[in-house]
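Whole structure, please, built from the sequences with the hints as guidance.
Protein chains: 2
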Amino acid sequence: MAWVPLVGGIAALLLTRELVLRIRRKLIDANDEDEVDYRFLSVAAREAEVAIRNKEGGPFGAVIVKDGEIIAQAHNEVLKTKDPTAHAEILAIQKACKNLGKIELSDCVIYCSCEPCPMSFAAMYLARLPRLVYGAQAEAAHDLGFDSSHIADAIRGTSTFQKSNCTVRRIVHPEVAKVFWKNRTKVQIY
Amino acid sequence: MAWVPLVGGIAALLLTRELVLRIRRKLIDANDEDEVDYRFLSVAAREAEVAIRNKEGGPFGAVIVKDGEIIAQAHNEVLKTKDPTAHAEILAIQKACKNLGKIELSDCVIYCSCEPCPMSFAAMYLARLPRLVYGAQAEAAHDLGFDSSHIADAIRGTSTFQKSNCTVRRIVHPEVAKVFWKNRTKVQIY
Numbered sequence: 001m002a003w004v005p006l007v008g009g010i011a012a013l014l015l016t017r018e019l020v021l022r023i024r025r026k027l028i029d030a031n032d033e034d035e036v037d038y039r040f041l042s043v044a045a046r047e048a049e050v051a052i053r054n055k056e057g058g059p060f061g062a063v064i065v066k067d068g069e070i071i072a073q074a075h076n077e078v079l080k081t082k083d084p085t086a087h088a089e090i091l092a093i094q095k096a097c098k099n100l101g102k103i104e105l106s107d108c109v110i111y112c113s114c115e116p117c118p119m120s121f122a123a124m125y126l127a128r129l130p131r132l133v134y135g136a137q138a139e140a141a142h143d144l145g146f147d148s149s150h151i152a153d154a155i156r157g158t159s160t161f162q163k164s165n166c167t168v169r170r171i172v173h174p175e176v177a178k179v180f181w182k183n184r185t186k187v188q189i190y
Numbered sequence: 001m002a003w004v005p006l007v008g009g010i011a012a013l014l015l016t017r018e019l020v021l022r023i024r025r026k027l028i029d030a031n032d033e034d035e036v037d038y039r040f041l042s043v044a045a046r047e048a049e050v051a052i053r054n055k056e057g058g059p060f061g062a063v064i065v066k067d068g069e070i071i072a073q074a075h076n077e078v079l080k081t082k083d084p085t086a087h088a089e090i091l092a093i094q095k096a097c098k099n100l101g102k103i104e105l106s107d108c109v110i111y112c113s114c115e116p117c118p119m120s121f122a123a124m125y126l127a128r129l130p131r132l133v134y135g136a137q138a139e140a141a142h143d144l145g146f147d148s149s150h151i152a153d154a155i156r157g158t159s160t161f162q163k164s165n166c167t168v169r170r171i172v173h174p175e176v177a178k179v180f181w182k183n184r185t186k187v188q189i190y
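Each protein sequence line maps, in turn, to chains A and B.
Heads up: the first sequence is residues 1 to 190, going by full-length UniProt numbering.
Heads up: the second sequence is residues 1 to 190, going by full-length UniProt numbering.
Simulated from the structure, these hints should not be mistaken for lab results.
Here the structure is a predicted model, which means the values were calculated and not measured.
It is possible that part of the hints are untrue.
Which copy is meant is left open, so a pair is good if it fits within one copy or across any two.
[Said to hold, decoys possible] No farther apart than 20 Å at their CA atoms in a straight line, the calculated lysine to aspartate or glutamate pairs in the EDC-like style are these: (1) K95 / E139; (2) K186 / E56; (3) K178 / E49; (4) K55 / E175; (5) K82 / D107; (6) K80 / E175; (7) K95 / E56; (8) K95 / D107.
Set out below in structure tokens:
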């Protein structure tokens, strides 16, 4: 039975090798993901740069990626279009949905140069984006003068619109009630 | 001094009359505002109706009013345009800004058939809209199947994106940092 320790030794060696290979593979995968995320965030940063260079809006860029390919990229165009909703993320989501011909982006990743404001974050959520990678923190935008923390505060209040400067009135309106109840079965949820 | 009680009586009568007139005026003003709000909310309700009739989106309408005049009106077009951001409020804000040629709507009122979702509320705030009048509560939309409460929950968490299904990663990226610091003096705040 002299072969027993030999076989045992070979088995141990093979197992160790497999373990080393697995760990290595995991490390490479992690690095690959790091590299991919870093690369697409660079594109978002360059979009932000364009917004400032062309005086189109604030220094914010966004990129939407599917299966490693850029589906849409955009930068803030609030000043250019005089549209307060023309944030990089909103424009990128609109472009991505148009390019893919569908309402939701559940197979995509969004890269934003800066932490999105509550409007853009909510839009991401409505678009079913499952992953966000961002660079600068909201505080960096705040330091420049872009402050959207009051919006989050308004939504954070015990009632939805508390703490905002906006006065809110609710009216019990029969036409409004009708539009919901009458169309109960006709509504297509998206 | 027989005229003293006479003058006193006349003064008392005049004061009472002034008081009655003031109260009446206040009541009429309040009724006028009620009527105005109710009327514009009807327009929003009819916009919501159009969205369903034409299968363009959910039963949501919005109207933006300045000095008693409608500046913009819109309904949800998510299904028509396959754009998840095409909420009535967003479209109305975009139209109003375009029509007035400016980024902010601080002299306007927004009328929404339903309580806005967090994206639309944030957009209202970004547009500096100082007043919102709405009809149906968010629960009515929720009952139909439109649920945006998870978005508010996500923003409500102790960290901005807690409680959402979206994974969030922050990367410290030199290009992102540069875009902020390099352009510190060039940025135009809106």
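How the hints compare with the structure:
1. Taking the shortest Cα distances, K95 and E139 never come within 20 Å of each other, neither inside one copy (27 Å) nor across copies (31 Å).
2. With identical chains, the CA atoms of K186 and E56 are at most 20 Å apart between copies only, with a shortest distance of 12 Å across copies and 41 Å within one.
3. In the homo-oligomer, the alpha carbons of K178 and E49 lie at most 20 Å apart only across protomers (9 Å), although the nearest pairing inside one protomer, at 49 Å, exceeds that limit.
4. Taking the shortest Cα distances, K55 and E175 sit within 20 Å of each other only across copies (19 Å), while inside one copy they are farther apart (44 Å).
5. Taking the closest pair of Cα atoms, K82 and D107 come within 20 Å of each other only across two copies (16 Å); inside a single copy the shortest separation is 32 Å, beyond that limit.
6. In this homomeric assembly, K80 and E175 never come within 20 Å of each other (Cα to Cα): the closest approach is 38 Å inside a single copy and 23 Å across copies.
7. Taking the shortest Cα distances, K95 and E56 sit within 20 Å of each other both inside one copy (18 Å) and across copies (19 Å).
8. In this assembly of identical chains, the alpha carbons of K95 and D107 lie at most 20 Å apart only when taken from the same copy (15 Å versus 31 Å across copies).
Checked against the numbered hints above, the structure violates hints 1, 6; every other hint is satisfied.
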